[in-house]
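K.L.:
This is what each chain is made of:
Protein chains: 2
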Amino acid sequence: MSQHIVVIGGVALGPKAACRFKRLEPGSKVTMIDQSALISYGGCGIPYYVSGEVSEARELSTTSFHMVRDVEFFKEVKGVDVRTLTRATRIDRENKQVHIQDVTSGVTSVLDYDKLVIATGATPRRLNLPGEDLAGVSSVCNPDDATRIREGISKGEVGKAVIIGAGFIGLEMAEAFADMWGVETSVVEITGQLMPRLVSPALAAMARKHMEENGVEFYFGESVKAIEGEDGRVTRVVTDKRTLEADAVIIAAGVVPISDLARDAGLAVHDRGGVFVDEFMRTSDPDIYAGGDCAIVKHLITGQPVFLPLGSMANRQGRVIGTNLAGGDARFDGVVGSFVVKLFETSLAGTGLSLEAALAAGFDAVSVLLVQLDRAHFYPTKELMTLEMIVEKTTRRVLGVQGFGSSGDAMVGRINAVAAILRHQPTVDDISNLEMAYAPPFASAMDVLNSLANLADNVLLGINRGVGPDGFAELWDQRDNGSCYFLDCREEADAGEYLARNPGQWHNIPQGKLRERLAEVPRDRPVVLVCNTGARSYEAQIILDEQGFGNVVNVQGGMAAIRKYGIDL
Amino acid sequence: MSQHIVVIGGVALGPKAACRFKRLEPGSKVTMIDQSALISYGGCGIPYYVSGEVSEARELSTTSFHMVRDVEFFKEVKGVDVRTLTRATRIDRENKQVHIQDVTSGVTSVLDYDKLVIATGATPRRLNLPGEDLAGVSSVCNPDDATRIREGISKGEVGKAVIIGAGFIGLEMAEAFADMWGVETSVVEITGQLMPRLVSPALAAMARKHMEENGVEFYFGESVKAIEGEDGRVTRVVTDKRTLEADAVIIAAGVVPISDLARDAGLAVHDRGGVFVDEFMRTSDPDIYAGGDCAIVKHLITGQPVFLPLGSMANRQGRVIGTNLAGGDARFDGVVGSFVVKLFETSLAGTGLSLEAALAAGFDAVSVLLVQLDRAHFYPTKELMTLEMIVEKTTRRVLGVQGFGSSGDAMVGRINAVAAILRHQPTVDDISNLEMAYAPPFASAMDVLNSLANLADNVLLGINRGVGPDGFAELWDQRDNGSCYFLDCREEADAGEYLARNPGQWHNIPQGKLRERLAEVPRDRPVVLVCNTGARSYEAQIILDEQGFGNVVNVQGGMAAIRKYGIDL
Chain A
160 MSQHIVVIGG VALGPKAACR FKRLEPGSKV TMIDQSALIS YGGCGIPYYV
210 SGEVSEAREL STTSFHMVRD VEFFKEVKGV DVRTLTRATR IDRENKQVHI
260 QDVTSGVTSV LDYDKLVIAT GATPRRLNLP GEDLAGVSSV CNPDDATRIR
310 EGISKGEVGK AVIIGAGFIG LEMAEAFADM WGVETSVVEI TGQLMPRLVS
360 PALAAMARKH MEENGVEFYF GESVKAIEGE DGRVTRVVTD KRTLEADAVI
410 IAAGVVPISD LARDAGLAVH DRGGVFVDEF MRTSDPDIYA GGDCAIVKHL
460 ITGQPVFLPL GSMANRQGRV IGTNLAGGDA RFDGVVGSFV VKLFETSLAG
510 TGLSLEAALA AGFDAVSVLL VQLDRAHFYP TKELMTLEMI VEKTTRRVLG
560 VQGFGSSGDA MVGRINAVAA ILRHQPTVDD ISNLEMAYAP PFASAMDVLN
610 SLANLADNVL LGINRGVGPD GFAELWDQRD NGSCYFLDCR EEADAGEYLA
660 RNPGQWHNIP QGKLRERLAE VPRDRPVVLV CNTGARSYEA QIILDEQGFG
710 NVVNVQGGMA AIRKYGIDL
Chain B
160 MSQHIVVIGG VALGPKAACR FKRLEPGSKV TMIDQSALIS YGGCGIPYYV
210 SGEVSEAREL STTSFHMVRD VEFFKEVKGV DVRTLTRATR IDRENKQVHI
260 QDVTSGVTSV LDYDKLVIAT GATPRRLNLP GEDLAGVSSV CNPDDATRIR
310 EGISKGEVGK AVIIGAGFIG LEMAEAFADM WGVETSVVEI TGQLMPRLVS
360 PALAAMARKH MEENGVEFYF GESVKAIEGE DGRVTRVVTD KRTLEADAVI
410 IAAGVVPISD LARDAGLAVH DRGGVFVDEF MRTSDPDIYA GGDCAIVKHL
460 ITGQPVFLPL GSMANRQGRV IGTNLAGGDA RFDGVVGSFV VKLFETSLAG
510 TGLSLEAALA AGFDAVSVLL VQLDRAHFYP TKELMTLEMI VEKTTRRVLG
560 VQGFGSSGDA MVGRINAVAA ILRHQPTVDD ISNLEMAYAP PFASAMDVLN
610 SLANLADNVL LGINRGVGPD GFAELWDQRD NGSCYFLDCR EEADAGEYLA
660 RNPGQWHNIP QGKLRERLAE VPRDRPVVLV CNTGARSYEA QIILDEQGFG
710 NVVNVQGGMA AIRKYGIDL
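Line by line, the protein sequences are chains A and B.
Its first residue numbered 160, the first sequence is counted upward by one per residue in our numbering.
Its first residue numbered 160, the second sequence is counted upward by one per residue in our numbering.
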């Protein structure tokens, strides 16, 4: 019982589903169509081609063994028939046919299918701004865009670049311009922080500071009103607050799923676009599958539909579809929303919900922030890692973890460990005891992830009452009215410079001397305890609590967090 | 209701339990005793002090903020009373007393306790060999040993070193000698491979080859019969097969738990040593807790008791004990057995069971081996990672994953993701869909861990029938009798040199040409398919299967695994 499978879309999910199916049912036929000439490229690699880290655009279209993934490759190596420059114009579900059109000649025809895969992907969101079509204005869509952008830079035509949007692509492109080519790079973002909704304002501020130190400027809370140019080429970006000169503009304001074909065929589609699928990746028509950037999946923490356009999703979903096309019952039951973005030599990453997302989803949640070394404190390559954990108060359930700093691999390793267990609704205690492989070159004996959960445990118990660096900033801003007593619990040698710079406002009692110097601590105002990373200030808080001091908080992440956040003391 | 807690043992678990308890019950009293003068040091750091990566031995005894963790520190900063050079001689459970003796003066006394913590740790296994007490022969036990070893090296007294035992400590010490000091270093191991029982022979062979390339010699399957010396100093190690010159000898033949005190007090103790504890870390006496290197815990995969002496266990168990001493009900319900050891610039790591351990535990298990890039194939810092997955055949349950290669952080990240989910009895399908944070600098769109599970899925389905590099080695050894047809499925350019070196024995048809050149492939003998890493040989196998070739296998990990394993073709 040989089948004919038609796949609409030749990037990421389409090829994966087609090839998996052909391996399971070599006797069946697969026809994959794509409206463009280029298929099966690694779109996620575009920023790294623009930066020059990937030297040739064709590397994005080759296999790991250097064969170009073109029409001939799919035919010979994979046994899949591909028709490029072929657009699907209509799905006729009743007759199980796809109407197609040759893009070059305009000739139309139909393809019969037994089963159909919709892998139409997503398209960069357009802003409908004046000037959006000027030369030098691009989105980051396909290798042709990338080649044009990189050619412009390498010819020296780009002295200044403006990126619109501070999400994944925006940040990756900002790094590509600023790091490898030394282009003066600015990012304009309409919300108040980078990676809005995905990470907390505190982590976003740390990431922003790091990028600023690497030469990227940010303009938050500004919206672009126009893109202006001369002789058809871009020269300026006009926001509601300023005008920025620009030889190149990248629009990175997110992507929207391409689901018109599905919607017109009467399949269930989200109001804002995106094809609904069940856990088998089937649309509302059991003979039609969809996945990748054009599909809507379930978020396993919120239970809500979510649009998560990532190459990794497309690959895993593609395999599931390939299996099911061949009569299998593979499942893709949802996502927890893991992500990572490289920011120069460090990274920002997370899984599950940020505090903002958790509150928006109706959870009674709290977040805690930890700064700790990523490996044994005596091991020479140690670095500070900042992690934030989001916890549901009543159930102690962990809803998400996000982090900034350290090496990308070390960060991703922690995030993946949480991601792996997140669908099992772990409590704080499960993460306290998560069994991380231990050796001093790779972890502390109490790994930073275990410590993060321990901190959450202490916060939920009420014995650790902390504020993050953003909370500290608010308190410190009011220091002139003397409403808080700022107490540095580090040794004199560490606290000295802060005492000198803030006479009368910054105080110091080393934590080991606190029991004998209690009389120096005022009982008439809140005490704010600070140490290097939050360990001693927590111990100090316990001492003050025991002595009946009423109102004591410690700064989570301590001076390390304060410095990374960018507060000048 | 203030309590008095007595803690026997001042390294790792003891201090952790003591300090956690004091934070929860600041009004209670803790007395921690230790028979030596030095407490609370990071024993796991010793190899890195010997190597010189950690410059001062005192760094192993300081906090991350550079305070020495001595008696005064515990008193002032932690509120814990410590008595060093104090040995516990007997536990009187009836009267709730610990009999103690001052090591220096010999004076005895008793300590009353409300609750007791046994944290007596483990001691290096002695081999009872002639010459074991010669100068220059050491175990790796405490910073004093380490200082002695490093002094010897740095004075130039050590030209040749012999390590006895190829487990964690043995390999770490071998690296320390060979890497940083250029000492001629040999490792003698009684079993046939390094890290016996923890990793497969194939992964062990790859790790061995890597260490040999970095100057370490191995002698497997040899047992040491004597250590010989002149003028009281070691000069030679005599095995059952050879005599090795040695200026320094490290005995790294494992450690044994110190549990005499517990056994003599009538507590439940394992036949081979080690105190039994329940999930609250209580011994058979509910007022006495034990943990760390002297305790026996449950292996969550086998359900059997296991001795797993790791600093990370001690720290997490110590916190659990501290919580429970203060009336809490924290749990430590067992381990999955995660580990990692750094081997020069790479690492060997794992979690759960190896195939050998799984079979020994009665599982009907199979293992699969994958070699794949650890990040996007176009990203410049990519490296090959070798992973092995152990699966129960009937249930598809994943029992363990081990790996070699790539950077330690990248490897540990994958192992930790599996470790996190392992207690939830994941199937192959769960790992196929494990949601790894994705960006090209850190992962492939189909992460190596997802691919590993996909391979296991295909093997269980019977559509991928593979042998590992060790299986290939056996087949290749018999090539002269022509019993197998070795078919290289790579492009001509890659296969050419192997054809030239092995005329008539090595054959080449690029996978994309296989359909049209089927007539060249013999049907009268097994066909062994090889490509770069196993992807194309799997595709080729499917083509031959479809054409009715009866007996086809492909080499998992392909030429990459063959090279790492050390087979000369």
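Just so you know, these hints were derived from the structure itself, not from any lab.
Please note that the accuracy of each hint is not assured.
Note that the list lumps identical chains together, so a pair holds whenever it fits in one copy or between two copies.
[Claimed, not checked] Taking lysine-lysine and the BS3-like style, the derived pairs with C-alpha atoms no more than 27 Å apart in a straight line are: (1) Lys188 / Lys234; (2) Lys552 / Lys319; (3) Lys234 / Lys384; (4) Lys188 / Lys552; (5) Lys541 / Lys552; (6) Lys552 / Lys457; (7) Lys400 / Lys672; (8) Lys400 / Lys541; (9) Lys234 / Lys255; (10) Lys541 / Lys188.
K.L.:
Decide, hint by hint, whether the structure agrees.
P.N.:
Comparing the hints with the structure gives:
1. Lys188 / Lys234: within (11 Å within a copy, 76 Å between copies)
2. Lys552 / Lys319: For Lys552 and Lys319, the Cα distance exceeds 27 Å both inside one copy (47 Å) and across copies (59 Å).
3. Lys234 / Lys384: Answer is neither: 48 Å inside a copy and 64 Å across each miss the 27 Å cutoff.
4. Lys188 / Lys552: neither (54 Å within a copy, 31 Å between copies)
5. Lys541 / Lys552: neither (33 Å within a copy, 41 Å between copies)
6. Lys552 / Lys457: For Lys552 and Lys457, only the intra-copy Cα distance (24 Å) is at most 27 Å; the inter-copy one is 31 Å.
7. Lys400 / Lys672: neither (52 Å within a copy, 62 Å between copies)
8. Lys400 / Lys541: Answer is neither; intra-copy 42 Å and inter-copy 43 Å both fail.
9. Lys234 / Lys255: Classified as within; 24 Å inside a copy, 79 Å across copies.
10. Lys541 / Lys188: Neither way: Lys541 and Lys188 sit 54 Å apart in one copy and 35 Å across, limit 27 Å.
Violated hints for the displayed structure, listed by number in ascending order: 2, 3, 4, 5, 7, 8, 10.
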